[in-house]
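Protein chains: 6
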Amino acid sequence: MTTKIYENHPYQLPQVVADLRKSREETHKIRHLGRVRELPSRHALEEILGGIFASLFPTHYGRSDLTDESIDYFVGNALGIALNQLSEQIRRGLYFSSSNDLEQEAKFDALAHDLTSQFAAELSSIRALIVSDIRAALSGDPAATSVSEILLCYPGVSAAIHYRIAHALYKLGSPLLARFISEIAHSKTGVDIHPGAQIGEGFFIDHGTGVVIGQTAILGKNIRLYQAVTLGAKRFPEDDDGNLIKGAERHPILEDDVVIYAGATVLGRITIGARSTIGGNVWLTKSVTSDSNISQAQTLGH
Amino acid sequence: MTTKIYENHPYQLPQVVADLRKSREETHKIRHLGRVRELPSRHALEEILGGIFASLFPTHYGRSDLTDESIDYFVGNALGIALNQLSEQIRRGLYFSSSNDLEQEAKFDALAHDLTSQFAAELSSIRALIVSDIRAALSGDPAATSVSEILLCYPGVSAAIHYRIAHALYKLGSPLLARFISEIAHSKTGVDIHPGAQIGEGFFIDHGTGVVIGQTAILGKNIRLYQAVTLGAKRFPEDDDGNLIKGAERHPILEDDVVIYAGATVLGRITIGARSTIGGNVWLTKSVTSDSNISQAQTLGH
Amino acid sequence: MTTKIYENHPYQLPQVVADLRKSREETHKIRHLGRVRELPSRHALEEILGGIFASLFPTHYGRSDLTDESIDYFVGNALGIALNQLSEQIRRGLYFSSSNDLEQEAKFDALAHDLTSQFAAELSSIRALIVSDIRAALSGDPAATSVSEILLCYPGVSAAIHYRIAHALYKLGSPLLARFISEIAHSKTGVDIHPGAQIGEGFFIDHGTGVVIGQTAILGKNIRLYQAVTLGAKRFPEDDDGNLIKGAERHPILEDDVVIYAGATVLGRITIGARSTIGGNVWLTKSVTSDSNISQAQTLGH
Amino acid sequence: MTTKIYENHPYQLPQVVADLRKSREETHKIRHLGRVRELPSRHALEEILGGIFASLFPTHYGRSDLTDESIDYFVGNALGIALNQLSEQIRRGLYFSSSNDLEQEAKFDALAHDLTSQFAAELSSIRALIVSDIRAALSGDPAATSVSEILLCYPGVSAAIHYRIAHALYKLGSPLLARFISEIAHSKTGVDIHPGAQIGEGFFIDHGTGVVIGQTAILGKNIRLYQAVTLGAKRFPEDDDGNLIKGAERHPILEDDVVIYAGATVLGRITIGARSTIGGNVWLTKSVTSDSNISQAQTLGH
Amino acid sequence: MTTKIYENHPYQLPQVVADLRKSREETHKIRHLGRVRELPSRHALEEILGGIFASLFPTHYGRSDLTDESIDYFVGNALGIALNQLSEQIRRGLYFSSSNDLEQEAKFDALAHDLTSQFAAELSSIRALIVSDIRAALSGDPAATSVSEILLCYPGVSAAIHYRIAHALYKLGSPLLARFISEIAHSKTGVDIHPGAQIGEGFFIDHGTGVVIGQTAILGKNIRLYQAVTLGAKRFPEDDDGNLIKGAERHPILEDDVVIYAGATVLGRITIGARSTIGGNVWLTKSVTSDSNISQAQTLGH
Amino acid sequence: MTTKIYENHPYQLPQVVADLRKSREETHKIRHLGRVRELPSRHALEEILGGIFASLFPTHYGRSDLTDESIDYFVGNALGIALNQLSEQIRRGLYFSSSNDLEQEAKFDALAHDLTSQFAAELSSIRALIVSDIRAALSGDPAATSVSEILLCYPGVSAAIHYRIAHALYKLGSPLLARFISEIAHSKTGVDIHPGAQIGEGFFIDHGTGVVIGQTAILGKNIRLYQAVTLGAKRFPEDDDGNLIKGAERHPILEDDVVIYAGATVLGRITIGARSTIGGNVWLTKSVTSDSNISQAQTLGH
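Protein chains in written order, with the working numbering: chain L, 11 to 312; chain D, 11 to 312; chain G, 11 to 312; chain H, 11 to 312; chain V, 11 to 312; chain E, 11 to 312.
For the record, the hints were derived by calculation from the structure and aren't laboratory data.
Don't take every hint at face value.
If several chains are the same, the list does not tell them apart, and a pair holds so long as it fits within one copy or across any two.
Listed next, the in silico SDA-like pairs over lysine to any residue satisfying Cα-Cα at most 20 Å (straight line) [as the list claims (entries may be wrong)]:
hint, residue 1, residue 2
1, K198, E57
2, K256, A153
3, K198, A54
4, K32, I136
5, K32, F67
6, K198, R52
7, K256, S74
8, K296, E265
9, K39, E79
10, K198, L55
11, K198, S51
12, K181, R102
13, K32, E79
14, K39, E211
15, K256, I280
16, K256, T155
17, K39, S302
18, K296, A284
19, K39, G150
20, K296, T281
21, K256, R245
22, K181, R47
23, K198, G60
24, K39, D75
25, K198, E56
26, K117, D250
27, K296, P24
Because the structure is a prediction, the values reported are computed rather than measured.
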């Protein structure tokens, strides 16, 4: 008899469900607005990214059997679907931008549409930047043998493509979606580039795992980074009440042609002059002039 | 003629299959018990985690269209399914706990059921801890703008949620499943927290890639870590026969409110006093008192 | 009326599609050959790897309900399917090997077949190496409790299995596929081992995130590495025109029984003598003799 | 050269696409309204039906592992999702009801919501009718052994459940969706019941293939039909211009307890009196009184 | 305000869920036993059928790229999986056989195993019968051009294969599963053969839609049927209380080499003598001698 | 001990696999050619049909959210993919056409390509015929309310679309694929139209279950059929050796504007004159002149 009850009520579900509701609504409430808003969806964003990647490099990221006569249909169709989905996700994201007046909610649909159209118009410029990144990879890694290898096997290039897309959305006014995309890239590649960072053409990260680039970093042209490089903030400015000031410029500026080797940590609003090389594992918190060559002093004990 | 034979026997499959059987059963046997036991399944665990995440934060990790009247049904259903699956995976895992007497196999089903029920009863406490982690992220990162951004885009928070679940299972007596969950989190986020570690409320990891926290580490409240921080063992104690002693206390203790910056390595059973700050890339193997501020001496050569 | 046009032409698709075609074919063309070649497919490779993993360890990576009478059928079937797919992917990859004369294209199908057959014949040797890696993990990590835990929960072991497969393909003459596999492993585990590296039996990486092992590295038997270890190149040799010389020997040699702790960076064609230990975060660019014990000098300022 | 062109333009896609556009927009246009309306989706309807079936008979059509404590969560969740989807499909369908004024389009969302709520409120009455149908099957077929066999293996019962749902939607004002559901049932079971037909409790069709029941047919209680029975119209009334008059009463009335054997054809607005039996293959176009027993005269030639 | 409530409680879910529970448990209860039993699953059965079909005709129903060396692995693996699943489904079905004593439940697992083993042992005999059916199709239809066309495009042959499998399970003691399979075939092909029917080798149904063959029918060798043929019961014998007597012999016996054309209805325990031909649409309720040629008298009015 | 063996060898798989091989290769061999040929795939054909349906009626069978600017990309992409797949399936089918010389195998690829191109060129004509069928449905069924209802809910129209596609392939020289498509339609709709039949514009089948139209039938314009109508062969001509003569003209000719009601059977190479009406269940084996009105004499016994 006890067994039968046990069989049919194994987990005290009603109690657990009630406890969780109480946690959501009273004791550990995290929702600040009175109303549920539909959140952007990771699954939808991954599909959208698949569509945009396929539009930019149809034979590498789309279908390998495309022909001259079918390729534009493929691109147009992939884009048409991806842009429709993107518009919906942008709309959902607008609720989370502090700069958006929720009283304007009725206009969010049209606003999302507009942002999406602007994004679409930038796609060939985005592609141009990515091609410059691919060329940087081809010339920067002695192990690289072809453009195809780079598009298929280089996580740093995958991270760069995600960044180029996320940055465009960030600038257009969709920061939550941009961050979501950068996190998807981070999860796949181990490279964490904040979409607010500004990065010039010809950008290459080799290996990539552990690279972190902060929100206000500015990188010139032809920057090359290796795994585990941090371009971070030294400290976080606080206001008089001790609250963090959001958005302050706090990350490094790298001028053109800088190379930073694996594990180096560059912190604060400093400037690395053009053509400088920062050695592996270096810890750097002060600006250096152009053409500097910084390396870690070696101090080994047997 | 040769072609035909070639076409139909391209890979010498019977030979390869026989070689692999010989490898499994004789030359490179890794199975120690006489009998095959059904192993826990990664796919099942990922589904279970999906169900538990959805139960804890239904609109963020479940469905975005839930209403007040549908949300409890959603939570109860997601939990009911996840707990059933979890009970089966726990049962499978029991065979791998050295502390379980295989003679007691007949009781594993009921034991798994009991563990699952206890886990269910802890879910709202687990949620409370996770909410404290989310709040720590919101106050600890100047770039964070909303709870939703944190739940969707912060790998450190995702790693913390996985850890909270895995640690509960670890304590209840399901260490293999707990490790499996921590490895799933590691693969997604680059953060590797052993489920045996003890971590207080308000835990936040920023960026996260490369963080490693060992099995016997103890972290107080409001700990903040950055990417690539290691809380590891300095050496592994061996017994008289030179075998590693499993389970010995060998990882650091962090008191409340400690902050450790990117790339720092803290090794051994040392104590970092409350409110201390450990700088980036610091290598630390000795205890430091409360309110310490440790940073790497900079030794740069041009 | 305007609305209607807007509704039906929201994204100026024809313009965007035309711009992207122009970018592909004129302004930012990356295709060097006149003809599209079918590229290897990540999805196909992931299926192939699933099949090979399942063939090597059927109950861990295949089905958990296999019996003595069904296991060989399972292995033979999984292999038969995986090898067929692999042969097709190898064929596609042959177009990207600089050493292949495209005039020989007609022979690529038979060549791919041959390579696949040779790969199949090596599978039990590959399994033997992997079993040595598993045993190294079991004896090298005090937290490890069973072979099953290691196969299911150790990213370093997963990376090693991927490497063993990729290296075999690399040696047989399929470098693009080998790289593709190493990148899939990198994405899952955070461990980046170039398939050209040579690694002896009993290889173990603990935690693993951020490990990088370069193309020409040579590792002896029983090597143990921790997270974020780099075995990299110091500089890239250039030819007289300033172009990188591809393929030169530029990565370290590790003799048998070397251990390298977390975050250490070992660069250049140096030799680490047998039985040496390299401490965490060490930066090493010169050879060390056998039985060396290198650790970072600690220079901390308060 | 020709080959290359052929390879890249195998199908003259631009010509075919242009021809199809011309066919759609000019020569064979079938769209009467100026604007595309989103159509109901077969895939969505099949999911909705799955959810409703599961809500009505949770262990037969939902999950077989439900317990007393989980079953209501399962039902509530399945219903919540299905009703949300249904509301959207009803909204789409409203555009196709001639009785709906398209000027009222702005109210379609609320109207669909209302219809869905009314449908939800009828679900337990619908279940009661279906249970009467199941009991009729159990008592009417000597081969039937259990309720489970009937729910799982009787196409006539499956058709009846589909009809009960479709008829409720038809009455509530969603005729297109109702027809769509009846066609889904037809495709699965070979039984074609127009959702406009009125059928009393205890309805049973055995075998079922080829049964057709017309839009204005009225069936009393405890009707039993066999395969290939037609309850059709004899002729279609036309108006003065020779156009078919839609909706006129033109199908038979069956009073309570009528049985009609396989292949019988009953046409026109005739009445079959209570308790009558119509034999196999009978062709009937005139009313018959209660308790009639009609059979085909047998005229065989050797 | 009303809107908000409406938004969050659109469907009165708690009321509907409570009503449905009441319907299930009180007003329209259909469950007779006190305990829920796990029901056989249509999805599982469809997978099992896929596996058995693939085992019997590997290149037609399995994979089209099998080779001499891979085919046995494919068959063994497909069978191993299918038989395991079948054993579980048979076990579930045992609860529904009136002849099984529920007190024997503990033995159901072993019993299901035994039945499955016996079924496996019969598979090559089943294949022999199916090949005789295929040959009958090839010689019986002037439009048939190859064995492959018959296996891929003939619903009557598909129905026959399903029947051969279902009948074997029926004889072994798994009538519910057998019925379930016959219903799956019915849904796909429109042919409804009760698994209890006994049918000799060389059986062919052309077109097939609407064919019904009853539980106690006996068909000799080389029977050919066309669409819409019914081999049914004339009346259902009742016991003294007016209840249907289940299982009584009530369907026709067809001796060898009988042909029955489209739409003919043959009812009751009559015998059609060897080599007889029954014309289209004939209605037959009396036995006929061997070599009879029965056709419908034609009575047409202009 | 016995149990353990039983556990691991439950099904005597090696014996069953060997028996099945023997059945395939010796006792019940059905393969006539020495070599396995890759068979057309039902799954592939269903995808191809999905693509062609979507190309012909993009908003009904493709995506419901298409706009004026996206629709041609959608159509071009869906067609490009479907035609590529079709070409491969046609190639496979060529091996089964008796008229193809297997010595010409090397040319099959180009031949399949050619047939596919011709098929593509006919698509807009096919669409024109289908639109005429839709209009016939709209004017022929008093219950029909819109073109959308007809495209979504009328199995007879679905069968007609399948037939139009299959017939085009049949004429182009791909009879096996054509038959395969007609069988897919048969399974979904219960309507069995041989692709060799010739059918004029404005063709409508109502309800449809059980309709059979033979290989050499010829139907004029504006034919209307109801469920269970057979247009079949009376007898099959044999050659002097008693073998069926394949391909002989043996099915009816229907002149324009003929209507045939449910269940009528029309057999043999007879002609039904223009504008004739054949009543339900009529059995007709002789030609009738134009404007005939044939109905079944009613012979009822009480």
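Problem - Violated hints - listed by number, lowest first - result: 7, 17, 22, 26 and 27
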